[in-house]
Structures are given as C-alpha cells and as structure tokens.
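*Asks:* Protein chains in written order, with numbering that gives the first Met the number 0: chain R, 0 to 373; chain P, 0 to 264; chain Z, 0 to 286.
Because the hints were derived from the structure by calculation, they are not lab data. Small disclaimer: the values here were computed from a predicted structure and weren't measured. One or more hints might be untrue.
Derived Cβ-Cβ restraints for the label pairs, each shown as a range [as the list claims (entries may be wrong)]:
no.	chain 1	residue 1	chain 2	residue 2	range
1	P	178	Z	66	26 to 36 Å
2	R	113	P	89	26 to 36 Å
3	R	191	P	246	31 to 41 Å
4	Z	62	P	4	56 to 66 Å
5	R	172	P	89	21 to 31 Å
6	P	42	Z	140	28 to 38 Å
7	Z	185	P	246	23 to 33 Å
8	R	141	P	68	27 to 37 Å
9	P	171	R	179	33 to 43 Å
10	R	193	Z	30	51 to 61 Å
For glycine and all other residues, C-beta sits at the position ideal for the given N, C-alpha and C.
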Amino acid sequence: MSPTPTQRAPGAALSIRSITKRYGDAAAVDNVSLDIRAGEFVTLLGASGSGKTTLLRIIAGFDDADEGSLLVDGQELRSVPVHRRDIGMVFQNYALFPHLNVEQNVAYPLRMRGVSGVERRRRVAEALEAVQLPDFARRRITQLSGGQQQRVALARAIVSRPRLLLMDEPLGALDRNLRDALQLEISRLSRELGLTVVNVTHDQEEALTMSDRIALLDHGRLVQFASPDELYHRPADDTAASFVGESNLFRGAIREDGTLDLADGIVFSPPLLVDGTPVGSEAVAVMVRPSLVTIVAPGRAPEAHSRVDGRVRGIVYAGDSRKIIVETASGVELIAREDASHPTDIAVDTHVTLHWDPRASIVTRLTAALAAVK
Amino acid sequence: MNTGWTVRILGVVIAILLVVPTIVICATAFTSGSSVTFPPDGFSFRWIDEVLGDRRWMRAFGNSFAVGLLSALFAMLAGTALALGAARAKGAMASVFTAVSVLPMILPLVVGAIGFYLVYARLGLTGNVLGLALAHGVLGLPYVFVNVLALLRTLDPRIEEAARVHGAGQFVTLLTVTLPMIAPATIVGGLLAFISSWDEVVVAVFLSDARFQTLPVLMYGQIRSGVEPSVSAVALIVTVVTFAIALIVFAIGPIRARLAQRSSR
Amino acid sequence: MGGILTHQRGGRRWWISVGLLGLLFVVLALILPLAIVVQRSFDAGFGNFADALASASFIRSIGNTATLAVTVTLSSAVIGYPYAYAMARSGPALSKILMTALMLSFWTSLLVRSYAWQVLLNDTGLINQLLRASGIIDEPLQLIRTPMATLIGMTHILVPFTILAIYAQLRGISPDLAIAARGLGATRARAFWSVTFPLSIPGLAAGSLLVFVLTLGFYITPQLLGGAGNQVIGQSIVEQTNALLNTGVGSAMAVLLLLAVIVILAIASRFLGLGRVLGIATEGKSS
Chain R
0 MSPTPTQRAP GAALSIRSIT KRYGDAAAVD NVSLDIRAGE FVTLLGASGS
50 GKTTLLRIIA GFDDADEGSL LVDGQELRSV PVHRRDIGMV FQNYALFPHL
100 NVEQNVAYPL RMRGVSGVER RRRVAEALEA VQLPDFARRR ITQLSGGQQQ
150 RVALARAIVS RPRLLLMDEP LGALDRNLRD ALQLEISRLS RELGLTVVNV
200 THDQEEALTM SDRIALLDHG RLVQFASPDE LYHRPADDTA ASFVGESNLF
250 RGAIREDGTL DLADGIVFSP PLLVDGTPVG SEAVAVMVRP SLVTIVAPGR
300 APEAHSRVDG RVRGIVYAGD SRKIIVETAS GVELIAREDA SHPTDIAVDT
350 HVTLHWDPRA SIVTRLTAAL AAVK
Chain P
0 MNTGWTVRIL GVVIAILLVV PTIVICATAF TSGSSVTFPP DGFSFRWIDE
50 VLGDRRWMRA FGNSFAVGLL SALFAMLAGT ALALGAARAK GAMASVFTAV
100 SVLPMILPLV VGAIGFYLVY ARLGLTGNVL GLALAHGVLG LPYVFVNVLA
150 LLRTLDPRIE EAARVHGAGQ FVTLLTVTLP MIAPATIVGG LLAFISSWDE
200 VVVAVFLSDA RFQTLPVLMY GQIRSGVEPS VSAVALIVTV VTFAIALIVF
250 AIGPIRARLA QRSSR
Chain Z
0 MGGILTHQRG GRRWWISVGL LGLLFVVLAL ILPLAIVVQR SFDAGFGNFA
50 DALASASFIR SIGNTATLAV TVTLSSAVIG YPYAYAMARS GPALSKILMT
100 ALMLSFWTSL LVRSYAWQVL LNDTGLINQL LRASGIIDEP LQLIRTPMAT
150 LIGMTHILVP FTILAIYAQL RGISPDLAIA ARGLGATRAR AFWSVTFPLS
200 IPGLAAGSLL VFVLTLGFYI TPQLLGGAGN QVIGQSIVEQ TNALLNTGVG
250 SAMAVLLLLA VIVILAIASR FLGLGRVLGI ATEGKSS
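Please work from the sequences and hints to get the whole structure.
*Replies:* What follows is the structure, given as structure tokens:
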C-alpha cells in the first residue's frame, strides 16, 4: 500500500466528506466536511465535546464513522486497517514504549515497514537530529523529561515520512515555556518536511500560532474552516466570534435606526455581515474586540460611537495590558483591554461607559441552533 | 499511636506462635540424634546430607522442580491469555473469562483431585510430569490471572494505539508491546504458581504412583509411616526453596510498580 | 465496506479469541475432569448418593466438617483480628515485623506446617515438654489425634487469610475516625467498637467466608492431626476413592461437597462482593 520510503513525496491531501459519528441519539461528529491540502497544517479547534478528538480518531482508524468517507490522495481510507494507513501520530501523554529505549522507540515504525538495520539507524539518527535530541539514542524513556519525551514521540511519528501526521493535544501535558518552544519547533519541522498535519487542541492561541487553517468545531458541527486571520477578523457566526480571541458580543434584532434592540445602551450595527451580505431583519450578533473598546466616565462617549453603561467589576493586570471587566445593568459581562502604561483612575465599583467606533465592530449571524431558539 | 499496649503485645505473641512451628521443625533437621525432638540433640548436618544423597529424595526433588516449572509455564500462558480476554473483551465474555479463571481458587482440592485422576488415568497422564503439570498449571492459573489483570488495568491504552498507528497489526502489537509491558506481572504470577505446585500434596498424591513421586508426596508418605529427622531435613529444604522464590516475588513487586507508573496515564 | 468490520469490531473479537485459547486450556484441564466426576457420581443413577448418605461415617464426617469449619473460622477471626489491627495501626517497625512473621508463616507449605504441629503436639513434643517442665502435668497429655489438634493446625494455616482480609479493610479506614471519636469523649475501647469495628466488618466477613469455604475441602491437615473419630469429608472422599476404590461413591461425595461450596458462595455473594473475597485472598499471595 505504501510506496518506498526514501522516494516518498511529501504529505497527502486529505478529504473529509460528510463524516458523521453517532453515539446513541447524539452526534459526536455531525456531517463534517473538510478538504485539507497536501503539506497543509490544519488544526481542529474546539471545546471538549466538540467532536475534534472523535474526528481525529476516525482519521486514525481507532473508531469508524457511521457515514461519509475519508479520501487520502483520492483513495478511500475507511476500509484500510489502522496499521496500514501510513500515519504518524503524537499523543498528549507521549505514549512511548516504556520497555524500549529512545532509539528503539523511534525505530519502531521503520521496523514495522521492514526497513533494514543500517538504513533504520541512519533514519532514526536523522529524526532525532530533526527534533534536536541527537545524542539521546541510548537513553531509557524513564530518564527523559516531559518535553524530551514528546520530542521523541514526534521523531517516532515522522521517521517513516508518513502521508499524514496526526496530533492529539500534543502540548497539553507540558508547561507554558516548553509549549511555546515546541509550538515553533513543530511548525518548522512540518514545513521543512512538507507533512500534512492534523492537529487537535482546545487552546486557541496554539491554533492561531501554528496553523495554516483552523477547523472550528462546536458540538460535532463544523462552524468555520479558515485561516487564523480570517477566523479572527471575519468569524462566520457568533460561536466562532466568541471562541477565538476575546470578544464582546451583543445579540439581538436590528431596529430601523441601525442599532441593536438592547436595553443596556446604544450599539450600532455595521451594515454588512462578515460574508458581505446586507443585514436583514433576523437577529444577529455584533462583536467588538476588547482592545478596541475605550472606557470613559459616564456620559462622555462620542455621539457617533456605540456605547454601553456599566459598573466595573474587576481589574486584571496582565503584563503589558490591563483587562477591565464591566457588568451592565442587565448583568452582561463586558471586557475592555487597555495599555497598562496608560494611567487610570478607574477602580472597582466605578460607573463607566464603554464606547467604540462602530466601524471597529463586526456583525455576524447567530449559530443555527441559537437562531432556532430565538 | 492508636494502639494500646495489650494489642501490641498480643500481636507479638501471635507472631511468635505463627513462626515457631516452622522454626522448630527446621531446627529438628539439625539434630545429631535419630529422633525428631526439640530442642535437637546436638548439631549436625547428617540428616541433610543423608537426604541430599538419597536417590529417592533427589528424584522426587527433580520431579517437583520439573512439574513446578512446567505447570508455571502452563499457568503463565493460559492465565495471561485469559487476563487479556477479561480485560479487553466486552460484557458477557469478559465475565466468563474471569469466572473460569477464579474457579480453581474456590474449588475444593479433593474434588479437583478426583477429577484429574479419573480423566488423566484414562489418558495415561498419571505417574508422569506432564499430567501433574497440567493439573497444577490449571490450579496455579489464578495467580497469573489476577496479577496480569491488575497490571493491564493500569496500562495506558494509548501506548498500544501508538504501536498500531505506526504500523503494527493486532498480533504484532501484542507480541512487541503488550506482552513486554505485562511481563513483570506474568512472571510474578508464574513464580506464585510454581510455589503452589511445589507445595501441593493432594492432587500430587492422586496422580503419583510407585515410580513417580513429588517431594510433598514422598514427605507425606514418610510422615504417615514414621517420623525421622530426614523428613525434617526435607521440610527444611522445601521451605528454603519456597522462601527464596518468595523473596524474588517481593523484589519484583516494587519494580513492577515502577514500570506501571511509567506506562500509566 | 466489509473491510470496516475487520478493524472496528475486529478489536473486541480478536481479544475474545485470545481469551478463548486460555479458556480452552481450563475447559480441557479442569472443567472436563469435573464433568467426569459428576458423570461418575451418577453412573448408578442416584445409587451412589444413596450409598454415601446411608453411610453413618459419611454423615458423621459431614457433622465433623461443619463443626470444624465453624470453629476454625471463629478462632481465625478471634486470633486474626487483633493481629490485623496491630499490623494496621502500629508504627512502621512493628507493622513490618508482624507482616514479616505473617508472610513467613503463610509461605511455609501446609504440609510442613501440619507436620510441625504433629511434632509439637505429640507425647514427647514441645508442648508436652513445657507443660511437664512447669509442673502443670505429670503425664503427657493426648494432644495429637484430637479435634483440638486439627483445630490448632488448621487455624495456624488459615488465619493468614483472615488477617490479610481484615488488614486490607482496616488500611482503608482512616485512623482519624477513631481519634475524632475519642476527641468527642469516647474511651479507646468505645471508639473502636462503635467506629472502627463496624467499618471493618466487610473485611472480616470476606476473610471468614474464605476460611470457612477452604476448611470444607481440607484433607491433609485433618488426616495428619485428627483422630479416627473426627474424619472430615475430604478424608471420606479420599478413603472411598483411593482405599476402597469406590470412585462412584467418592465422586458422589465430592459432588455433594462441591454443591455445598457453591450454595454457600451463592448465598454469601448476596451480602458480599465475591470479588472482594477472592481479590483479598490473592492479595495475600501476590502482594
């Protein structure tokens, strides 16, 4: 099934077509379709229960879908058993073989493909170089730190130049600094090797940093499949808008004067939705990023700006920025982010007004489910 | 501490009572006299020497060892297979595997002994190593089963998934990853099965004959016909071997725990 | 789409076949022999059972066995509980000593232990020597070949099971509970009986059940230590089969014994998880 290892072309194109997986009545993966290009780094992003891990395990072959198909370079993958899918995989808790040393762990995929001893050792050395563990071949797994173990796992996953590299929350068990360092390394490595990568995470920062494109999943449904930039600036609906990056969301129908039907203040809606269509009479969500919101004393907001009144509930310092949490009269929580070097006389329990230029906000549809409820 | 003095003293007294019989009987092996008395008459190795030089005893020793090793092997193979089935198969079958594996533990030995005798006699499996090893193998199986099952439950399933995703089919995964990881438990179980075979009398009596006996069978016969210090000497040797193996089992325990820690989630 | 079946459901099915290999071994090596015993017991219709139950000595042995089982279970509980308590609640040094002594005894073969008691309890044995030396008696007491001897020997062999079961249970009960009770004014004894003891009952019950069931099937120890008048079922079975070559009746007796064990376990499993009983037993030999 797999071509000779040394002449392998880089990663394959993966086409996920209408994959559905049900557990009882609930759909863990609900009619998801994605077309992943060869050599692309795609992240499946979502909260727990979003179906991202289920989908990954279907691609790997540990579970089978109820409907749909998986095409790798045009060939149906669903009928191929796990061990013949030519995949490399990295797990959150490394899943290294405890009874083998580093070299034997990394060599395992090559052993399974019948690669001879000399060639095997050369490629294992190559892989260990690539993950920056060149002298670790003889070490026992128990002697390694978490970060080192994950690098060995990565080396094992890429050593046979698989068509697909799958990663299941690979950085979840590592501390912050290690995570940032490995994020860059993994991106670099996958680009160098031209691998097609499907990464699963709930950490949106990780997704935004590493991916060519992000597939945002919510309750089994595909919400949006777009580049990080697109997802951040032009979210397809309010679920996407609130998941990626911090956001202030206002949901409601649009009145004739172009403002949202809200009790807390005046929120202008941009005339066009994210996808370019004009807003209609249906309920929408207006979203503005906290960094674009200004805080002033009540009544001091410019007329043309959207503005909402509220009371300061908390102030959180985060290095260079300051996050101010404001609660409106009807109990909605909003966030403003300021440069921490600006002096401020805002304290908790102060009454304030948040305002922003309507052109800095975007308007999106509501997620289908929410719209149905409304 | 919570405990009053009475309980602690009681504990020590009982501890002494627990070990005294064994110590006494081993001590009687060193007597230079010809009867089994405690305290022993003088100190001499003559009875131990006599036993070690006696062909009957040595043959029985060899038989016991062979039966022990072979039965441990059977127990390890079958016990591991059943533990894997019990841990990984779903629902009804898993319960069947478990029930069958603990059956030997609750079965009264005499009942099993008769059964073995009736069947094995017809198959020519009495009076040889194989027959007794089969019987002891099935009796020792629970030790392997319980140990392997306990270890299996702590294993991270992702490790086997990693093997499969990187090219190993079910069988290859079992051979190259699963079995090596459960090896410590299998070995501990095997050692326990060996000991249980080494000490076993009832079934061995039923499956022995004039030409083939294990050490316990010979010992039992001697005890019934007339007590001599040679019997004590055999008891001493039997006990020493058991303790040696028990020490190994206790040494493996901590190693096994460490390995389980490494491979658990 | 047939290929999908092999790698999804194939997982479970594959492991079932692995287990079946082991199952085959047990069926051939154990279940088949048991079936033959049952078959042999019925080879004269119910005649063998009738003969067995008509035999006065068999009926007596049933009584002896039952009495023995009860007494051994009780003495194991009475001796075992304080020992387990001392092991569980003492400082590390004493606990280790007690555990070591327990293991040393537990791992000595039951034949060696039975033989040891035979030597200790006979007319010139250590016990009699001590009693005479201290002037309590002049003539040696008949200690061997009595029900008492069997009781002592079997308790010595089986008490570790009770001890380990109670110990395992006690380890799961925090000492803080009793300390709290005493802080509230209870005496040490009161705190124990009202707090610790009730919580330890499952372990005590499990260990006792195991000892009871194990006693029913014993042969070696009663044979070596007991007298002619206190034959137990195990001895009757062996007598029928080996001495009298009456495998039919012997099998019938064996089947009756097996039935008794099954019934007892079935009843007990209503109150106790059987896994606990067996898990604890094997914890002893496998820890």
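*Asks:* For each hint, tell me whether it holds in the structure or not.
*Replies:* So, going through the hints one by one against the coordinates:
For residue 178/P and residue 66/Z, the Cβ-Cβ distance of about 49 Å falls outside the hinted range of 26 to 36 Å, so the restraint is violated. Between residue 113/R and residue 89/P the CB atoms are about 34 Å apart, so this pair conforms to the stated range of 26 to 36 Å. Taking the beta carbon of each, residue 191/R and residue 246/P are about 54 Å apart, not inside 31 to 41 Å as hinted. At roughly 41 Å, the beta carbons of residue 62/Z and residue 4/P sit outside the given window of 56 to 66 Å.
In this structure the hint that residue 172/R and residue 89/P lie 21 to 31 Å apart at CB holds, the actual value being about 30 Å. The hinted range of 28 to 38 Å is satisfied by residue 42/P and residue 140/Z, whose Cβ atoms lie roughly 29 Å apart. About 43 Å separates the C-beta atoms of residue 185/Z and residue 246/P, a value inconsistent with the hinted range of 23 to 33 Å. Judged by the Cβ atoms, the range 27 to 37 Å given for residue 141/R and residue 68/P holds: they are separated by roughly 32 Å.
Checked against the hint of 33 to 43 Å, the pair residue 171/P and residue 179/R passes, with Cβ atoms roughly 37 Å apart. Taking the beta carbon of each, residue 193/R and residue 30/Z are about 59 Å apart, inside 51 to 61 Å as hinted.
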